[in-house]
Amino acid sequence: MHVYRTADALHRLHRPGDTSWSQVTTATVAWERLVGPVIAALLLTADSDISAFQEPDFASDAVLIVEDRKLHVHKTVLDDGLVEMLALADEYQVEHIRQKCEQYIGSKVSTPFGLTTDQILLYLWMCEQYRLPQHREDLLDLAANETTANLYASEYYERVPATAVKDLMYKRCVKLETANSELQTVNTTLQTEKQQLQEKYSSEQSRSKSLDSEKRTCEASLRSSTEQKKKLEIYVRRLDESISDFEKQMKQSEQAVSVCQSCRGKYKDEELCKSCVVHRIVSSFHSFFSYRK
1 MHVYRTADAL HRLHRPGDTS WSQVTTATVA WERLVGPVIA ALLLTADSDI SAFQEPDFAS
61 DAVLIVEDRK LHVHKTVLDD GLVEMLALAD EYQVEHIRQK CEQYIGSKVS TPFGLTTDQI
121 LLYLWMCEQY RLPQHREDLL DLAANETTAN LYASEYYERV PATAVKDLMY KRCVKLETAN
181 SELQTVNTTL QTEKQQLQEK YSSEQSRSKS LDSEKRTCEA SLRSSTEQKK KLEIYVRRLD
241 ESISDFEKQM KQSEQAVSVC QSCRGKYKDE ELCKSCVVHR IVSSFHSFFS YRK
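For the sequence shown, position 140 (counting from the first letter as 1) is numbered 140 according to the UniProt record's numbering, and the numbering increases by one without interruption.
Honestly, I wouldn't trust all of these hints.
Stated by the list, open to error - Pairs of lysine-lysine residues, derived as DSS-like cross-links and limited to a Cα-Cα distance of at most 27 Å, are as follows:
(1) K215 - K230
(2) K215 - K194
(3) K194 - K209
Simulated from the structure, these hints should not be mistaken for laboratory data.
Generate coordinates for the entire structure from the input sequences, incorporating the hints supplied.
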């Protein structure tokens, strides 16, 4: 905390039409350089209201002693004293204080993520009230992003001049129209994609029906082939049985022929081989031809 003692010349303020400013002593100029331009804006005349500066707050970092009265002020710009500072700077036409306040607002606007709706509207009101146009558009953009409920609920909404409210509502309308246009574009894109998907689905559905038809045809063909296979298996089985029977008969015939040849070779009496089928057949033919003769 710094304490600065000032001379009577501290009270000579620059007012419109007041020529006494040229009589400010060098002590005042030196003091102004020492404590900076922010405190210079807080110089008060004897009949001014100084109650706001008689008690310290958590952010006050300097004390002015004017006519044995302590004034608790700030060398830095803060939200708490911004309104009073701008009012004094505007009243006494201290341009560098206005610029410093405008720079402070700019520093807040440049990092808007922590700004509340109240702060945005308060800064917008200050820009309108004290003719600080540099960040007006940025603040209008920030306010346009706030919800209508938040804007109406803010204690500073009624303070904002009608011209600023009109510009704010215009920006909100532009944003809504832009968002609506973007939504229409997205909707058109989605409708096109939907139509393409429907066409693809119809094509796939037709292909699925065709595949189902082919499947049913294949299943019918398979059933027919299965039935034919069963018939062929029965036929083959019967053929195998016939072949087996034929082989048995051939074997018996071979044995009979062998016996007959053996009999004819050893005996002249053919009665010994009547059990042989082939021999009986041969005997029958022999008897037939003998009878013919």
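Quick rundown of the hints versus the structure:
{"no.": "1", "hint": "K215 - K230", "result": "holds (22 Å)"}
{"no.": "2", "hint": "K215 - K194", "result": "violated (30 Å)"}
{"no.": "3", "hint": "K194 - K209", "result": "holds (22 Å)"}
The structure shown violates just one earlier hint, number 2.
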